[in-house]
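Peer 1: All chains should be built: construct the whole structure from the sequences, respecting the hints.
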Amino acid sequence: MSVPVTPLPAQVETRAPGEVRRGSWFVRVTILVIVLLWLVPTLGVLITSFRPEGLVESSGWWTVLAHPFRTAEWTIENYRLAITGQGFGNAFMNSLAVAIPSTVIPITIAAFAAYGFAWMEFKGRYVLFILVVGLMVVPLQMALIPILRLFTQGVVVFGYRIFPDLDLNQSFLGIWLAHTGFGIPLATYLLFNYIASLPSSIIESAKIDGADHFTIFWRLIVPLSVPALAAFAIFQFMWVWNDLLVAYVFLGGAGQNRVLTVALRELVGARGENWHLLTAAAFISMALPLAVFFSLQKYFVRGLTAGAVKG
Amino acid sequence: MGMSDRDPHDPSAAAPPGEPDGPRGQASVGSLRRALLVVAATAAGVLAFLLVFDYLRSPTSNRLSVVLVAILVGVGGIFFLFWAMNRIVDLLPAWLREHMRPYVFVGPALVILGVFLVYPVFNTILLSFKDGISRDFVGLDNYRFVFTDEDMLRALRNTAGWLIFVPLVAVAIGLVFATLADRLGRGEAAAKSMIFLPMAISFAGASVTWQLIYSYRPQGFGSNIGLLNGIMIGLGQNPVKWLELQPWNNLFLMVIMIWMQTGFAMVVLSAAIKAIPDEIIEAARIDGASEMQVFRKIIVPSILPTIVVVSTYMVINAMKVFDIVFVQPANAEVNGTVVVAERMIRWFFLLDHNGRGAAIAVILFVAVVPVMIWNVRRFREQEAIR
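Top line first, the protein sequences correspond to chains Z and D. Each residue of the first sequence is one higher than the one before, starting from 131 at the first, in the working numbering. Each residue of the second sequence is one higher than the one before, starting from 769 at the first, in the working numbering.
Keep in mind that the hints were calculated from the coordinates and are not lab data. Ideal Cβ positions, reconstructed from N, Cα and C, are used throughout, including at glycine. Hints may be right or wrong, so weigh each one.
So, partial list: chain Z residues that the calculated Cβ filter (under 10 angstroms) puts toward chain D [stated by the list, open to error]:
hint, residue
1, Val-170
2, Gln-271
3, Ile-277
4, Glu-334
5, Phe-347
Computed Cβ-Cβ distance ranges for the label pairs, DEER-style [stated by the list, open to error]:
hint, chain 1, residue 1, chain 2, residue 2, range
6, Z, Pro-353, D, Ile-893, 42 to 48 angstroms
7, Z, Trp-155, D, Val-886, 54 to 60 angstroms
8, D, Leu-1118, Z, Pro-353, 46 to 52 angstroms
9, Z, Ala-384, D, Ile-893, 54 to 60 angstroms
10, D, Arg-954, Z, Ser-330, 17 to 23 angstroms
11, Z, Ser-425, D, Arg-1145, 37 to 43 angstroms
Far from chain D by the CB rule (all over 12 angstroms, computed), these chain Z residues [said to hold, decoys possible]:
hint, residue
12, Glu-187
13, His-197
14, Pro-198
15, Phe-199
16, Glu-203
17, Trp-204
18, Ile-206
19, Tyr-209
20, Leu-211
21, Gly-215
22, Ala-248
23, Arg-255
24, Ile-332
25, Ser-335
26, Pro-357
27, Asn-372
Peer 2: Following this line, the structure appears as structure tokens:
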């Protein structure tokens, strides 16, 4: 919570000090009500996950609020059970193994591509760029079936194998590549907007000093683009971490490589109403994105607004 | 950058990629040696990758080390790829070199997109005309199914409801909240991040979260621990089966998505509101405009383009909604909460009918095409201004 969302200091200051608006109490009350409404669901999960099974099953989580300091009503047993007994420890690590490369790979590829489209001359540059950006709205669902077949069978046309059977199903590489494919269009679009707007003078002068494109990219463009790269990195990381569909399709519902969201879904399906486990598991899956979100909020918000505010 | 751009398993690949090359075309022995080095490094890198890949697949490997190696290889591999490609292009004759260089930069993106988006689009269209196991062509049968099957028709209607209702409510609440929070002064940031918080949660996690609110237990099956039924009992009413209450259960599921997406609308709209010059708003106030008039006649028109963009984004999201319905333990067909994307996954993966799954995917795609054309147009307009 340490990082303010967007208050621009200059604008805050331009408000005259005595200017307390009419209906100020109305503003405060409305905001308070909405905030409380928005917090209640998360609060329920948090509280339930720390209550012993018997109490979870017999009384609503809100009853705790009447006597919050009875230590007998709190426990961390649920977390121990979820992490070891239900395999959520493994799933957490798998989620990391999926999410980190699935963030770095598309951003690297997209940053190179954005630089190429912005600052290099080649045939078909404009058409290719439009194609890349246009692919932004191909729904994920459209791509799942063929990619899965590609991973499990390769491509055979008229008896000729034109794409090898890579046996990528249920592998980390397979899901990295899939997330990369789905992430590149938006990443390229956002990074292009940023990289193309850098002043051309610095790139020209680097060229005059004898730097080639690769050097300019690593030594100049990447450091200058850190805000944009960070913004998209957070966005992509959260997306991949929270994704259920792609993980379910490419890593499967069971097996050693399953990630948190899939494990959570299996727990919902298999156990129905095992609330003490379910809430602990849900909170394990939320912990990292929430930490990332609160510590890097500024970049996350910038990433969201970068694409959309330009209107 | 702080990240390693070398292949972790191969010391010969350790030359820093950013180092400016020496003067080109020096003694041929030197360049030959360099060429060999580059080729060897690339080969070693690829080999190392394949070996590691086998290790990752092996079921006996220790999980923690598998995960660490996977992250290292994935991250290192992509940097190595670009480094190696650039070095290989350096080896080309001078006249070809600079023609090829741009493709080092944009090539990988184009290849990946070709394999993972362009090819699938055509392949899915093809599959949608074939039977369940993708062997024989069946003409339009799958599409006929999509538009006659009762659950599919319900899914189409439900999805239409999702993509009208969710953006409308989320944008409305987001707009009101952004406008009000703008006047809060201190505490604005904290208030906003509370609304924004659900965005960090997965749909799967959110579904679990909301089950605690909608939970219902019939008499004799334990006490009702869902918040809504807790309130109902507190009010002296009978508990309600919220998620089986047709057609309202669709609405209750939509609320979950609204809860998650309002933060997005709010943040983007708030940024737009802050970009309105203060003088305009102050001038209107001095002229005696009420707060409501300022909101309706100045704020909303000024940020209209942003409202449109945010709404469009949310319409697309709502069109593809899947997780919220899919994670519910209750049966979506029985409860009438089916949606299009969920149908697609169910037909393809759980009911094993490729053709129908593909046809539903094509329907989704066709629904998105107008948005795509609009997006490209908007981009061209921006290009024209640039």
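Peer 1: For each hint, tell me whether it holds in the structure or not.
Peer 2: We went through each hint and held it up to the structure:
no., hint, result
1, Val-170, "holds, 7 angstroms"
2, Gln-271, "holds, 5 angstroms"
3, Ile-277, "holds, 6 angstroms"
4, Glu-334, "violated, 16 angstroms"
5, Phe-347, "holds, 8 angstroms"
6, Z:Pro-353 - D:Ile-893: 42 to 48 angstroms, "holds, 43 angstroms"
7, Z:Trp-155 - D:Val-886: 54 to 60 angstroms, "holds, 57 angstroms"
8, D:Leu-1118 - Z:Pro-353: 46 to 52 angstroms, "holds, 48 angstroms"
9, Z:Ala-384 - D:Ile-893: 54 to 60 angstroms, "violated, 32 angstroms"
10, D:Arg-954 - Z:Ser-330: 17 to 23 angstroms, "violated, 42 angstroms"
11, Z:Ser-425 - D:Arg-1145: 37 to 43 angstroms, "holds, 38 angstroms"
12, Glu-187, "violated, 6 angstroms"
13, His-197, "holds, 17 angstroms"
14, Pro-198, "holds, 17 angstroms"
15, Phe-199, "holds, 21 angstroms"
16, Glu-203, "holds, 14 angstroms"
17, Trp-204, "holds, 17 angstroms"
18, Ile-206, "holds, 19 angstroms"
19, Tyr-209, "holds, 15 angstroms"
20, Leu-211, "holds, 16 angstroms"
21, Gly-215, "holds, 16 angstroms"
22, Ala-248, "violated, 10 angstroms"
23, Arg-255, "violated, 8 angstroms"
24, Ile-332, "holds, 16 angstroms"
25, Ser-335, "holds, 15 angstroms"
26, Pro-357, "holds, 14 angstroms"
27, Asn-372, "violated, 3 angstroms"
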